[in-house]
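For the protein sequence lines, the chains are R and G, in the order given. Each step along the first sequence adds one to the number in our numbering, with nothing skipped, and position 340 is 340. Each step along the second sequence adds one to the number in our numbering, with nothing skipped, and position 32 is 32.
Honestly, the hints are just simulated from the structure, not real lab data. Treat the hints with care, since some could be wrong.
Straight-line C-alpha distance at most 20 Å; calculated DMTMM-like pairs for lysine to aspartate or glutamate [to be verified]: (1) R/247 with R/258; (2) R/144 with G/240; (3) R/144 with G/139; (4) R/144 with G/84; (5) R/90 with G/181; (6) R/144 with G/196; (7) R/41 with R/55.
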Amino acid sequence: MAAPDATSAFQQALLGDDPAALYEKAPCGYLSTTPDGTIVKVNETFMTWTGFVAEELVGQRRLVDLLTPGGRIYHETHLAPMLLVLGQVKEIALEVVTADGARLPVLVNAVLDRGPEGEPRVVRVAVFDATERRRYEQELLLAKRQAEESERHAVQLAKALQQTLIPPTSPTIPGLEVAAAYRPAGAGDEVGGDFYDVFQIAEGDWTVVLGDVCGKGVEAAVVTSLVRHTVRSLAVTERSPRDLLHKLNSVLLSSDPDRFCTLGMLRVHRDEEGWEVTASSGGHPLPLLLRPGAPPETFGEPGMIVGAFDPAHFSESTMHLGRGESLFLYTDGVPEARRDGELFGEERLLEALAAPATLPDLIDRVLDQVLEFQRHHPRDDIALLALRASGSS
Amino acid sequence: MNVTRAHNVVDAGLPGGRVLLFAHGFGCDQNMWRYVAPHFESSHRVVLFDHVGAGGAQAPYDAERYASLEGYADDVVRICTELDLHDVVFVGHSVSAMIGVLAHLRAPEVFAALVLVGPSPRYINDDGYTGGFDRADIDDMLAALSSNYLGWSSAIAPAIMGTPDSPELGAELTQSFCRADPDIAERFARATFLSDNRADLPLVSVPTLVMQSRDDMIAPMAVGQYVAAAIPGSSLAVLDSSGHCPNLSAPDEVIRAMETFFAEGR
């Protein structure tokens with residue numbers, strides 16, 4: 001309850017205001033229509049805004065007749081059903097076509113009044129001028145569309161870029177089977193930091209590299225691209241993977257202090273009994289050697305991250321890969337896959353590799369298990385690559 | 001996902017009775033039939049559902065599948081198949097009238113009759129054909145749509161439609177009726193208003209009732225007459241109602257027209 005003096009002051013003020021003026025000069029357009037929409041009463045404000053006179057509206061037109069064609073469809077498919085089912089509508093954005101053909105953006109509230117039997121009796125409509133608001137909304141809508149468009153563009157760009165960082169298909173090497181898989185983190189709409197490459201130096205002489213650069217997105221792509229092309233050009237003259245890592249280390253150190261990576265680097269050379277493999281690791285999980293009938297074992301010596309330390313230390317090991325024997329390389333997205341704080345770990349990886357399988361099946365099996373472990377939402381990229389010395393040439 | 005969850009199927013009325021399958025049009029949901037469907041529950045098995053993206057439908061939206069009305073028609077056939085419905089009288093409002101025609105052509109063995117309320121096989125004017133709209137009008141409507149779905153994504157969107165003065169309607173209805181994801185609504189609008197199903201009408205081979213409001217600016221009289229003339233053996237009932245939704249504004253007229261149609265042995 002207001003204090004008596006405030007109440008009487010209000011009543012005093014109200015008495016001074018003509019009730020008809022309250023209606024006619026209200027700061028909103030006000031219409032009453034029959035249930036089918038025919039206008040039966042309209043206030044001055046509405047007529048001032050739209051330029052119509054009462055004789056053109058009352059008994060002559062329905063509200064829907066004053067709308068744009070698009071607004072009419074919206075009225076019939078949304079506003080009218082809502083009014084008839086819910087009894088009212090609020091803040092419906094429409095445009096009224098004024099007497100001179102211009103469009104007046106409005107917001108509409110409407111209430112359906114029903115008779116004692118529940119039969120629709122009269123619709124009361126309040127119309128608010130929303131010119132400024134609509135202009136602002138149009139700008140917002142435009143900005144939203146532009147943002148969505150640039151996001152689509154960015155995703156497309158990321159995917160195209162990603163494809164340039166991973167060989168589209170594994171190369172065919174006589175006497176050496178190659179299988180690989182790459183799965184970027186998350187929904188796969190960002191450029192990942194894992195990569196691999198397999199390329200020929202001379203006949204029966206190949207370089208295999210699998211790595212993980214720091215970061216994600218465009219910055220990672222820059223580093224990946226730099227590493228990949230540096231490795232490719234260095235490998236032409238540098239036979240030793242260890243020496244190659246040293247030179248790559250210098251290149252990365254001189255390019256940017258933040259650009260570093262881990263790499264597993266193999267040089268494979270065909271001999272009469274299979275392949276001679278020389279391996280060097282730059283802070284990367286060591287390759288696993290898979291021999292029929294024997295448990296998987298690591299091959300090589302650990303080394304430092306590439307591009308982070310000066311001087312750096314890398315070592316090199318050589319082995320012979322006989323027929324039917326395989327080397328398996330992977331990034332840390334495999335052992336560090338997480339589920340509720342639990343890691344996939346080396347154990348599960350070794351188990352997954354234990355049973356014999358064709359090379360593509362082996363890769364699929366590991367990838368499936370790692371993805372399943374994380375319920376198909378990997379938080380890190382996963383790259384897998386396997387080599388197997390085969391009998392035929 | 002089973003079809004009941006996918007399309008919020010409500011299966012009511014007389015068990016074992018003749019099936020009336022009600023389909024809503026663009027814009028709202030199965031509540032479009034709330035003044036008509038209950039009337040038939042004592043004499044028919046009454047099945048209602050929501051199209052993808054509407055009301056309580058949970059079916060995942062697939063932009064490609066629903067780029068044309070065919071995807072919606074497939075859903076209708078799926079509902080009939082999974083609920084094992086036969087001898088179905090399909091009652092479709094607005095765009096669902098054409099969805100029903102397509103479903104009938106796809107699975108003729110399922111449907112016994114069609115009731116088309118405010119049908120239009122093509123909304124845009126064409127050489128010698130009056131659909132009622134120009135292409136520019138449709139673009140204008142899409143703009144009106146996006147303008148009215150501005151607040152959809154924000155957390156307060158459901159509260160906007162709250163009707164504290166009519167609590168008997170239930171919060172769920174007041175929050176969901178005629179509201180949909182704006183992307184889905186826009187795609188459904190395109191599929192609806194850019195469709196052309198005129199060539200399908202002569203292929204209809206079941207008894208058909210075309211219901212036409214005396215005054216409907218979405219599907220004008222000329223369009224209703226066109227549909228009735230194009231479907232062999234169909235009958236046209238002109239309702240003394242105004243607007244595109246006689247199922248809401250003149251439910252008694254709609255019920256009467258359906259009962260007359262059924263009494264004729266259709």
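Evaluated hints:
1. R/247 with R/258: Holds, at roughly 17 Å.
2. R/144 with G/240: violated, 44 Å
3. R/144 with G/139: holds, 18 Å
4. R/144 with G/84: violated, 45 Å
5. R/90 with G/181: holds, 18 Å
6. R/144 with G/196: violated, 31 Å
7. R/41 with R/55: holds, 11 Å
In this structure, the hints that do not hold are numbers 2, 4 and 6, in rising order.
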